[in-house]
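Novice: Sequence:
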Amino acid sequence: MKPKININKRNIRNYAIVLFAGLLFGWMLFHNSGATTEATHQHSEHAEEATIWTCSMHPQIRIDKPGKCPICSMDLIQLKTNSDDDNTANNKDVVMNESAMKLAEIQTTTVKMGLPHKALYLLGKVKPDERRLSELTARFGGRIEKLYVNFTGQKVRKGEKLATIYSPELVTAQKELLEAKEYKDNNPSLYNAAVSKLRLWDLTDAQINNIEKSGKPQLYFNVLSPISGTVTQRHIAKGDYVNEGDALFKVVDLTHLWVMFEAYESDLPWLNKGDKADFTVQSLPGETFSGKVTFIDPFLDPVTHVNYVRVEVSNPQMKLKPEMFARGIIYPEVSNDKQVLLIPKTAVLWTGKRSVVYVKVQDRENATFNYREIVTGPDAGDYYVVNQGLSEGEEIAVNGVFKIDAASQLEGKPSMMDPPTDETKTMNMDKESNMNMSTMDNNTHSDNMEHVMFKVYGNCEMCKDRIETAAKSVAGVNTAMWDMDTKEIHVNYNKDKTTVEAIHNAIARIGHDTDLEKADDDVYNNLPECCLYRNN
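The numbering of the sequence shown is the numbering used here, which starts it at 985 and goes up by one.
Simulated from the structure, these hints should not be mistaken for lab results. We treat Cβ as the ideally placed atom computed from N, Cα and C, and that holds for glycine. Treat each hint with caution, since some may be false.
Claimed, not checked - Cβ-Cβ distance ranges computed for the label pairs, FRET-style:
1) Lys1200 to Lys1130: 19 to 29 Å
2) Lys1200 to Lys1276: 50 to 60 Å
3) Glu1144 to Leu1174: 30 to 40 Å
Produce the entire structure from the sequences given, and follow the hints as far as they go.
Specialist: Okay, here's the thing in structure tokens:
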């Protein structure tokens, strides 16, 4: 028989109260612990994303707390990162959200092919036509008896008398002619010699015939104007005695003039003979004159370093006068209809040596721009011709470019003032080499391609062309790019067709030292002086 258990209801109530209190205490304890752990985790994550402070004037300064710039003492600003909202592979791109794009007024355009056009705005001066200028000199010595040109600037017609001269030598020559005429039949050579002498002294056949008919020498002879024009210089006065060869008058025909425009070197690629030119002068506001380019000076002026471009213009009403200043517009004709890559000038940032653009990366959630150095060609008005660095169809920033560059600089990424490091250059070279490799012939397998980098010693752009040409001349070499600053060459070659040693030898043969090979002294010494750079 089991013993009877006596359960006290009061004890049961006490046990229940204790159990409930224990459960409540445990829940509060572990709940706070979990919250503390979560808060600690969040704080840890926040600590891992420590804020970087930098200087807006010196972005190379990076400190993990606010304060003053150690260089300029300006207040440091917080550097924002884009680590969570961009998909860039090397974190070198500039990422901007929609609001930032609107605030910076960023605009983009697509790189396209087109025909370059340009209007050249030039300054120049009106000059006399040198082919319509006549300098009168004394053919024989004598005294100025009469002067019909009283002042400089007087207009004369062809054949008009300018002065009358008395010359004893001319009187003697006339007497010789009259004496030789008597023996013309017996001694014709003597007669011909006397006539030729007078002709050389600028006497016309009519004057010589008059002398022979009169039978007496003329004492005074007139100096006649050889052309119609304006007397620009008068070197004599009445009563002056002149010797043979002395200057008397200078007469210029001003009905046709030249306008000599000054063109800079950057304008020369666009200038051609036959280009249309319009110009104005200050004394005739609102009136435009036209002409064509007839001559381009083959030499630059050694003082001003400009090239003179001649435009011929008709001046029948004598409105234009020599030495007037002219403002001209020349419209070059594009002789070859070859299309080239054109980009707006506003897209390019100039640093002196480098031309920088920002290319928009496609298929990104937020607008992403990539720093790109390009090689520009001639200036084409509002556009630049692009020789290297861009491809048709790429999208580039054309407005707000400087703001993108400033953002890149503040984030410590490549910018106009902070170009890519050697490591970045190497990556870009490798990337370009890989792109070139992908375009090789289908029979060439990428598994056989190798990349090598070594030092080649040189100084200038001529060295660069010479070195790269020598490397590419080796059978099996696909690409070769030499960096002038680091003296390193990057070569992609087919290992089944050539060796690294063969590439070294090819470069050394043209006079440049490498890491493995030294150029022959005779070849090296024949290089231009600017290319002399040895591996000492």
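Novice: Indicate, hint by hint, whether the structure satisfies it.
Specialist: Now for the hints, and whether the structure bears them out:
1. Lys1200 to Lys1130: 19 to 29 Å: holds, 20 Å
2. Lys1200 to Lys1276: 50 to 60 Å: Given range 50 to 60 Å: holds, Cβ gap about 55 Å.
3. Glu1144 to Leu1174: 30 to 40 Å: holds, 35 Å
Figure legend: structure checked against the earlier numbered hints; every hint is met.
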